[in-house]
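Dock chain B against chain A, hints included.
Residue numbers (numbering that gives the first Met the number 0), protein chains in the order written: chain A, 0 to 247; chain B, 0 to 80.
Because the hints were derived from the structure by calculation, they are not lab data. Only a predicted model underlies this, so the values are computations on that prediction, with no experimental measurement involved. Hints are supplied without guarantee of correctness; some may be wrong.
To be verified - Pair by pair, the computed Cβ-Cβ distance ranges are:
1. R33/A <-> G14/B: 24 to 32 Å
2. S219/A <-> T78/B: 50 to 58 Å
3. F243/A <-> G11/B: 22 to 30 Å
4. V236/A <-> I33/B: 35 to 43 Å
5. R65/B <-> S82/A: 39 to 47 Å
6. Y104/A <-> R65/B: 23 to 31 Å
7. T20/A <-> E24/B: 53 to 61 Å
8. L2/A <-> G14/B: 36 to 44 Å
9. T26/A <-> R65/B: 44 to 52 Å
10. I33/B <-> Q240/A: 29 to 37 Å
11. F8/A <-> T78/B: 35 to 43 Å
12. I33/B <-> T26/A: 38 to 46 Å
13. T26/A <-> G11/B: 57 to 65 Å
14. T1/B <-> K11/A: 20 to 28 Å
Stated by the list, open to error - Which residues of chain A face chain B? A few of them, derived with a C-beta cut under 8 Å, are:
15. L28
16. T167
17. Y195
18. S196
19. R200
20. R201
Claimed, not checked - Selected chain A positions facing chain B (Cβ under 7 Å, derived; list incomplete):
21. L53
22. K54
23. S126
24. Y168
25. G220
26. R225
Heads up, the beta-carbon is just placed ideally off N, CA and C, and yes, glycines get one too.
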Amino acid sequence: MELKFREKFSLKIQRLIGWATFPFWGTFLIALMRVVGGYKVQQMREIRKHFKELKRNADGPILVCSNHLTKIDSIILNWSLASIWAYMRSFKIFSWNLPKRSNFYQNYVLRLMCYLGSCVPIDRGGSREAVKKSLDKVTYLLSKGHTVTVFPEGGRSRTGRIDLDKSTYGVGRLVNKVKGCHVLCVYLRSHKQENYSEIPRRGSRFYLDMELIQPKSPHSGLRATRDIANQILEQLVLMEQAYFATAR
Amino acid sequence: MTEAEVYEKVVGILGKYSKNKDALENISMETSIIEDLKINSARLVDIVLDFEDEFDIEVDDDDADRVATVGDGVKLILTKI
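So here's chain B without its partners, still in its complex pose:
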């Protein structure tokens, strides 16, 4: 799976949780999930669990803690698949 494909799927997942639809339209690898997309830390756990289901990977607590931006999520998935 290419980075672009992973990115597309990640954006799709984030879209379900984001409260800031404007930020979602201008999303990039640098977009902060908590600050820009207004997603709280509990929902961030839900998102990482969605990554696990979507990409059939397993993410541990420490790796999940490192996901702050869209790019962090994409890179994490690419290292696991």
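Next up, chain A with everything else stripped away, as it sits in the complex:
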């Protein structure tokens, strides 16, 4: 898992540049979502307050695990969880992401936004060494107390529901490797979202539910990895059921 000094340094520089320029691109993205997308997050003030409390009570790093329906879920998540000023005060709560390289790294503008927005690209389905390198980076970041977001389903759900068939166990390995790691399970969904899509439909109102858990397993190795990943997925399924039972 050991990263080279150069790799750690480049993550630090990426973060510093992201933080320093955050008021500009953060404001731009929020304006884009509000004005062009017409997006709203329901009960945003309560969500942010709740997240602040959870963060304060968690005595370890937080791995955010969310369902995945659109390509901009992680942007909406970061927007929902704290204000620009809260992020400026403590950028550690601004979540690192692991976007699929082929989705976001074909043009320079998206590449720049990903760099500023604390992304560590991952070559899903690529060489094991390349995937391992990306996972090593986020493991390192988590161990240093940064917040990281991953999507345990391994991609946008084609069914529109938590897709257990496509799920990956990598998330279990991450939690297992980082001592004291908490998992913030998040269920995010627009009232207009029937299925998966590139971006949410215009005028979307987002529902967000979150639950902080600390999954544990009596086993070790791969069995623990699977146990922990399953606990996270089961929590997300419960939250999805709650959404369809009450919020719709």
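Frame of chain A, contents of chain B only:
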């Protein structure tokens, strides 16, 4: 246990998870578990755990990461039993 015996058992385990029954009929040591048998990476972990149970061995994360083909699985088991 001989390589052939291990291979037979490995194929039996893979049969429970494979979505591509045609590839299963033409399976060989070179068959890719993910690409040819259409098994996703999470199920690959389940398969390695089945190897542990079946052959009474322990496989760590790094060894599991190296299992890409049927042959990789067979060789891994042979080094552990």
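Hints, verified against the model:
no. : hint                         : verdict
1   : R33/A <-> G14/B: 24 to 32 Å  : violated, 53 Å
2   : S219/A <-> T78/B: 50 to 58 Å : violated, 20 Å
3   : F243/A <-> G11/B: 22 to 30 Å : violated, 39 Å
4   : V236/A <-> I33/B: 35 to 43 Å : violated, 25 Å
5   : R65/B <-> S82/A: 39 to 47 Å  : holds, 45 Å
6   : Y104/A <-> R65/B: 23 to 31 Å : holds, 27 Å
7   : T20/A <-> E24/B: 53 to 61 Å  : holds, 57 Å
8   : L2/A <-> G14/B: 36 to 44 Å   : holds, 40 Å
9   : T26/A <-> R65/B: 44 to 52 Å  : holds, 46 Å
10  : I33/B <-> Q240/A: 29 to 37 Å : holds, 31 Å
11  : F8/A <-> T78/B: 35 to 43 Å   : holds, 38 Å
12  : I33/B <-> T26/A: 38 to 46 Å  : holds, 43 Å
13  : T26/A <-> G11/B: 57 to 65 Å  : holds, 59 Å
14  : T1/B <-> K11/A: 20 to 28 Å   : violated, 53 Å
15  : L28                          : violated, 32 Å
16  : T167                         : holds, 5 Å
17  : Y195                         : violated, 17 Å
18  : S196                         : violated, 22 Å
19  : R200                         : violated, 29 Å
20  : R201                         : violated, 34 Å
21  : L53                          : violated, 28 Å
22  : K54                          : violated, 29 Å
23  : S126                         : violated, 10 Å
24  : Y168                         : holds, 5 Å
25  : G220                         : holds, 6 Å
26  : R225                         : holds, 6 Å
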